[in-house]
Amino acid sequence: MNLTALTAIDWVIMFLYFAFVLGIGVFLKKYMKTSTDFFLAGRALPAWVCGLAFMAANLGAVEVIGMGASGAKYGIATCHFYWIGAIPAMVFVGLFMMPFYYGSRARSVPEFLRLRFDEKTRGFNAFSFAVMTILSSGISMYAMAKLIQVLHILDVPLAKLGLPLSYTFHVSVIVSALIVLGYVFLGGLTSAIYNEVLQFFLIVAGFLPLVFLGLKNVGGWSGLKTQLPTAFTHSWQGMTNVHNNPLGVEWFGLVMGLGFTLSFGYWCTNFLVVQRAMAAGSMTDARRTPLIAALPKMVFPALVILPGMIALALPTPRQAITVNVNGVQQVMKVNTAGQGLIPVKIDVATGKQAVDSEGKPVLDYDLAIPNMLLHYFPTGILGLGLTALLASFMSGMAGNVTAFNTVWTYDIYQAYIHKGAPDKHYLHMGQFATVFGVALSIVAAYAANHYNNLMDFLQLVFAVVNAPLFATFLLGMFWKRTTGHGAFAGLATGTTAALMHLGLTLPHGDVVGMKGGWLGAVLHTYPSEMAQNFWTAIFAFMICFVITIGVSLATKPREDKELVGLVYSLTEKPNEGHLAWYARPVFLGVVVLVLATVLNLIFR
Amino acid sequence: MNLDIRLPIGMMFTLFGVILAAFGLLGNQQIYQRSLGININFGWGLVMIVFGVFMLFLGLRKPAKPTAPK
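Going down the list, the sequences are from chains A and B.
Quick note on the numbering used here: the first sequence kicks off at 5 and runs consecutively.
Quick note on the numbering used here: the second sequence kicks off at 41 and runs consecutively.
Just so you know, these hints were derived from the structure itself, not from any lab.
We put the CB at the ideal spot given by N, CA and C, even for glycine.
A hint or two may mislead.
[To be verified] Facing chain A, a subset of chain B residues (Cβ under 10 Å, in silico):
{"id": "1", "residue": "Ile49"}
{"id": "2", "residue": "Met51"}
{"id": "3", "residue": "Asn68"}
{"id": "4", "residue": "Ser75"}
{"id": "5", "residue": "Leu76"}
{"id": "6", "residue": "Asn79"}
{"id": "7", "residue": "Gly83"}
{"id": "8", "residue": "Val93"}
{"id": "9", "residue": "Phe97"}
[Unchecked claim] Rough simulated footprint, nothing fancy, chain B against chain A, three-plus residues with beta-carbon under 8 Å:
{"id": "10", "region": "12-22"}
{"id": "11", "region": "27-33"}
{"id": "12", "region": "192-204"}
{"id": "13", "region": "212-223"}
{"id": "14", "region": "382-392"}
So here's chain A without its partners, still in its complex pose (with noise of 0.2 Å):
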């Protein structure tokens, strides 16, 4: 493995950041003074700030990690994620829900559901949304710590200590929760957003440097065309059919499963985005906060997916590199089997290389970014560069530790436990909730180390609960005859159904079990992952849709004047005739479209 050559200036600039990191929030201390303050930013926040947020929140470091990987792996389909999977369903979020979720004054999405429907709707969405929180930030303090350890980063420090090298996981793990503890119990939601637009530029300072000498020595973007498989430089190409595309899926599956159901799914009802909206000032900067967010959305795959598809081009093996590390020549090793800067991966049972099913080596795609950064970076612009990708990983955490802290405090504590207390008891209740979520991220980071499977397992999770939850969202907001029960009902079978879809399905290569089939019969295999996780979506979406209609007609709906600020129907129109044109959200909407449609058909 790579020996990572930090020096005394890129310790200083990593150390610089976090000590940013912590001064916002000990500055933001004094302002935390109602629950309000804390949850949701004052709703006081910039339109510009809470975009930023709102993309980066989202741009954790699985994201940035798995990006890259997944642009070695497929090329730039990866930006399917992006220009299929996020931008349409930004724009709608902004132009459609957003009036809604602002208008309303609901404090969370689940709370949103309960002005909405009912009880039942709010606590099945709050607790699986409290866990699914706990999970993901919990992974990402795992993903975070396993990748030191990879890039040998601790070594120096922990020799120089005296520790062991298996110390690497638990200080890892420790200082990053100790962090984000530190910053999000002083400052609340507006440190996280704060830190979440600092992260925001940094990526870019990080990254913008290694595509530059990237491209620059595989000679631009038609020198890398050269020497990828046509495939990789055309998102469309082969998409009419399931075994001409590297991502094995055709159209209609990757529009749908995950342009659509995925995609609203998470963009338009995770409170984890939709909470960086909530806190705007406004209800027009609430409206352009997922619009803003998808100006830059639109052009990160340049930063995260390509420097994924350059490591792959360049020329193996490469020379041997000597560094200096604390004045003693070192000789970084050169992966000696693998492709591009992709090793081929170790597998950690056997210390042998890993082979899939027909015995062809399997490429370690996840270390795709961090050998991009060693192999281009020289100390000092090294450590930018590894701060860009740790900061990734805490804002991750830290996004969805706000996000737990707010759904545990208003929609289980106040809801369920403690109800009517003084304004005060919620905000200590937060800070308490914040404690104990990094507490139980971290029981989660040691779950996801001790067994291989938790993260197979977040992504069954995020596919069950997320899947059917649009059609909830989509029938609650524009059809003013949707009943609780009908609601409830939805939700409940679409995610039965869900994994129902899971157990009876597998894709092509896996073997039974928590990839699917575990129901005992394999009725339909499926070519890839992918494909699998965005038919599963469709499916659960469906049932959820048509069984919500059955059952909501077949309940007694709410009366008209409860439903008002809660149903397209009955609400008010955002009054923004005292907005230049070209300041209002539905101009911005339809730039992003046609920017992102004229993406696709450049890299078509």
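Starting from the structure of chain A, add chain B where the hints point.
What follows is chain B alone, placed relative to chain A:
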């Protein structure tokens, strides 16, 4: 909110920029073999200084506009 986020961003980027540019100028010049012979620390440090100063300028010019009351 009472802290304009552009100020800490501006401070951090200016500081990082100065550190990188100074190191690129005064430090060992042999390390740039990896970055295709480009003194990336100096070059990128300058870019970060420009961005940091611009952010500071925006943040200090006048207090952040209060959002329009709705």
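Hints and how they fare:
no. : hint    : in the structure
1   : Ile49   : 6 Å, holds
2   : Met51   : 8 Å, holds
3   : Asn68   : 8 Å, holds
4   : Ser75   : 6 Å, holds
5   : Leu76   : 6 Å, holds
6   : Asn79   : 9 Å, holds
7   : Gly83   : 8 Å, holds
8   : Val93   : 14 Å, violated
9   : Phe97   : 15 Å, violated
10  : 12-22   : holds (count 5)
11  : 27-33   : holds (count 4)
12  : 192-204 : holds (count 4)
13  : 212-223 : holds (count 4)
14  : 382-392 : holds (count 5)
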